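Position 164 of the sequence shown, counted from 1, bears residue number 164 in this note's numbering, the numbering being contiguous throughout.
Keep in mind the hints are simulated off the structure, nothing from the lab. Treat the hints with care, since some could be wrong.
[What the hints assert, rightly or not] Quick list of simulated restraints, FRET-style, between CB atoms:
1. A345 / R299: 19 to 27 Å
2. D189 / H137: 22 to 30 Å
3. P148 / N322: 17 to 25 Å
4. D223 / D289: 26 to 34 Å
5. P148 / A169: 23 to 31 Å
Just so it is clear, the structure is predicted and the values come from calculations on it, not from any experiment. Quick reminder that beta carbons are idealized off the backbone N, C-alpha and C, glycines included.
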Amino acid sequence: MRLSLMMGLGMLLLTACGIRQPARSAVPPATATKPPYATFTAVPPAAASTATVARPPSPPATATQPPATAMPSSATPAAVPPTPAPLPPASTPETGFVPQTLVENTLLAMETKRDGDYEVYLIRPDGQVVRDLSDDHKHDDGAPAWSPDGRQICYTKWHGGLLGTNVGAQGDIYIRNRDGSGERQLTHDPAHDGWCTWSPDGQQIAFKSKRSGNYDIFVIGVDGGDPVNLTHSPGTDDSPAWSPDGTRIAFHSSRDGNKEIYIMNTDGGDPVNLTHNAADDIYPTWSPDGHRLAFVSERDGNREIYIMNDDGSGLRRMTDNNYVDSLATWSPDGQYLAFYAKPPAEHDKESYIMRVADRAVWQVTNNQESDEYTAWSPWLR
1 MRLSLMMGLG MLLLTACGIR QPARSAVPPA TATKPPYATF TAVPPAAAST
51 ATVARPPSPP ATATQPPATA MPSSATPAAV PPTPAPLPPA STPETGFVPQ
101 TLVENTLLAM ETKRDGDYEV YLIRPDGQVV RDLSDDHKHD DGAPAWSPDG
151 RQICYTKWHG GLLGTNVGAQ GDIYIRNRDG SGERQLTHDP AHDGWCTWSP
201 DGQQIAFKSK RSGNYDIFVI GVDGGDPVNL THSPGTDDSP AWSPDGTRIA
251 FHSSRDGNKE IYIMNTDGGD PVNLTHNAAD DIYPTWSPDG HRLAFVSERD
301 GNREIYIMND DGSGLRRMTD NNYVDSLATW SPDGQYLAFY AKPPAEHDKE
351 SYIMRVADRA VWQVTNNQES DEYTAWSPWL R
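Taking the hints into account, I'd like the entire structure generated from these sequences.
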């Protein structure tokens, strides 16, 4: 109490002598968070989940499915790629939206135009750039897909020029190691080959090709050889995606008049229409457990992302805004989707990540040039 009286007297003396206390500096206002894209519900940084997901153990080896007769008997086994160099240290996401387990142990292979032409970049799920994988500024490279072991990436290389000036350019499928080394050409045809997907045993690649006159789905061994046509359809068959159990291939087709999502056996048999909608449904991708498909639909007026079960039931709309939302791929734990979105009347596309459980989104990239198709890797060893 004596100390309090002395402090009070001291303050009175200072005031009487005309001495003012310095004003306390104001606390700067909190920086406003970047608004979410369009009107979609997003989690602000302070409320974003910081939970981590335990990395699952490697699944036990299972018997591989027999090949779909795509690899000729005279073909030699594919060379085993070298062990990739260790990844650079991961940063911590500012928002905590993406679990650190995914940031440290997975990558996104992204088609981007940030260098003026289309290249395939490897980035972390927090947006940190790891490398320009394709590093080829004479041709456009895009539509990447990961090998099941995460050591290699297949993609399309357009030979006739850059897409910005020559949309009809012919392309082929190429394969490259994750560290950027060992590029090799897999397909060789005057017609366009593109949009590759790996079989889960890593021995075959399905792709679309115009070599039969219109787009059909073909399959080829990873060592090359003669591709086998699986669809033989008068319509356009496009965007194949191999199921995790190796028994089916999902794709979209216009064989019934408009574009629908189909699944078929790996030999092309028993095709089944899953969507049956008057609007276009395109770009299917499998969840890691093989029970669900993400796809893009225009059934509500513009391109939005949907999820359904592998029999077409359980439809769930994942995006709901006036942006163009497209090309969703799953995280290896099945909890997130990576996709790109484009504002209406603009050309710039950016990559986003969505949490499947509550549809909250986080923007991964922010560049003046487009960041487009994003393929999420498996768990990397």
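Do the hints match the structure? See the list:
{"no.": "1", "hint": "A345 / R299: 19 to 27 Å", "in the structure": "22 Å, holds"}
{"no.": "2", "hint": "D189 / H137: 22 to 30 Å", "in the structure": "24 Å, holds"}
{"no.": "3", "hint": "P148 / N322: 17 to 25 Å", "in the structure": "37 Å, violated"}
{"no.": "4", "hint": "D223 / D289: 26 to 34 Å", "in the structure": "30 Å, holds"}
{"no.": "5", "hint": "P148 / A169: 23 to 31 Å", "in the structure": "29 Å, holds"}
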